[in-house]
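Visitor: What follows is each chain in one-letter form.
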Amino acid sequence: KAGVTQTPRYLIKTRGQQVTLSCSPISGHRSVSWYQQTPGQGLQFLFEYFSETQRNKGNFPGRFSGRQFSNSRSEMNVSTLELGDSALYLCASRLGGLAGDSYEQYFGPGTRLTVT
Amino acid sequence: AQSVTQPDIHITVSEGASLELRCNYSYGATPYLFWYVQSPGQGLQLLLKYFSGDTLVQGIKGFEAEFKRSQSSFNLRKPSVHWSDAAEYFCAVRGGGADGLTFGKGTHLIIQP
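From first to last, the protein sequence lines are chains L and A. Residue numbering for the first sequence follows my numbering, starting at 69 and increasing by one per position. Residue numbering for the second sequence follows my numbering, starting at 1188 and increasing by one per position.
These aren't lab readings, by the way, just hints derived from the structure by calculation. All values reported here derive from a predicted model rather than from experimental measurement. Please note that the accuracy of each hint is not assured.
Stated by the list, open to error - Quick list of in silico lysine-lysine cross-link-like pairs, DSBU-like style, CA-CA up to 30 Å: (1) L/K81 with L/K125; (2) A/K1255 with A/K1236; (3) A/K1236 with A/K1248; (4) A/K1292 with A/K1236; (5) L/K81 with A/K1292; (6) L/K125 with A/K1248; (7) A/K1248 with A/K1292; (8) A/K1255 with A/K1292; (9) A/K1292 with L/K125.
Said to hold, decoys possible - Taking CB as the label site, the calculated pair distances span: (10) A/L1243 with L/R131: 42 to 50 Å; (11) A/E1251 with L/T184: 38 to 46 Å; (12) A/S1257 with L/E150: 42 to 50 Å; (13) L/L79 with A/S1257: 41 to 49 Å; (14) A/S1226 with L/K81: 23 to 31 Å; (15) L/R180 with A/I1196: 18 to 26 Å; (16) L/G84 with A/A1216: 42 to 50 Å; (17) A/G1240 with L/R123: 36 to 44 Å; (18) A/E1202 with L/G130: 43 to 51 Å; (19) L/G84 with A/E1251: 47 to 55 Å.
The beta carbon of each residue, even a glycine, is placed where N, CA and C say it ideally should be.
Bound conformation, chain L alone (with noise of 0.2 Å):
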């Protein structure tokens, strides 16, 4: 089974300008969740996606949002890029849904993004 894909996986980007970064799930997983990983604030989490819906949303500003298509595949976007948005960014797919998830988390190789 093919693991989880992220593009691109590399980015360079100028403050003020958004960003769509793109993710493919494991096949048949249904809950994708974004991580923002930087040398000072570590591995943060962003937001997860089940079946189309934001389920939670980490602690972040408005500027970073998020989808889910029905294939499962998501975006995330980033607008009014900042310096501080340099980070690599992270996907990470497990199955979702009903009782016995064990919320197994399988990431991808992630979306390095260098704003400047």
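Chain L is fixed; fit chain A onto it per the hints.
Guide: Chain A in isolation, oriented as in the chain L frame:
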């Protein structure tokens, strides 16, 4: 809210020696606990997990971890490390809600020849 503490930022171990990475969590009920490993430029790979039952769990690559409720700990162990184990290790907890994983700051493992 849950939290995770990994007290050791860096650990250096000789190849062939045993390893223990510490993890302490804060959560009111029995949490879901995970250990992940990250190699440079890579995403996170799940090593093992604990949800309930036997408090000693086995994972991939020869790793194991023990859940100790009384100490709020979930330490990762390996009897004999290999040079390929050099990486960043993250302990994570998930509570019962729809929140994502809460990660510790990570422990950087260095293997000496």
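Visitor: Hint by hint, note whether the structure agrees.
Guide: Hint by hint, here is what the structure shows:
| no. | hint | in the structure |
| --- | --- | --- |
| 1 | L/K81 with L/K125 | holds, 24 Å |
| 2 | A/K1255 with A/K1236 | holds, 14 Å |
| 3 | A/K1236 with A/K1248 | holds, 14 Å |
| 4 | A/K1292 with A/K1236 | holds, 18 Å |
| 5 | L/K81 with A/K1292 | holds, 27 Å |
| 6 | L/K125 with A/K1248 | violated, 33 Å |
| 7 | A/K1248 with A/K1292 | holds, 22 Å |
| 8 | A/K1255 with A/K1292 | holds, 20 Å |
| 9 | A/K1292 with L/K125 | holds, 20 Å |
| 10 | A/L1243 with L/R131: 42 to 50 Å | holds, 44 Å |
| 11 | A/E1251 with L/T184: 38 to 46 Å | holds, 44 Å |
| 12 | A/S1257 with L/E150: 42 to 50 Å | holds, 44 Å |
| 13 | L/L79 with A/S1257: 41 to 49 Å | holds, 46 Å |
| 14 | A/S1226 with L/K81: 23 to 31 Å | holds, 26 Å |
| 15 | L/R180 with A/I1196: 18 to 26 Å | holds, 23 Å |
| 16 | L/G84 with A/A1216: 42 to 50 Å | holds, 44 Å |
| 17 | A/G1240 with L/R123: 36 to 44 Å | violated, 27 Å |
| 18 | A/E1202 with L/G130: 43 to 51 Å | holds, 49 Å |
| 19 | L/G84 with A/E1251: 47 to 55 Å | holds, 49 Å |
Violated hints for the displayed structure, listed by number in ascending order: 6, 17.
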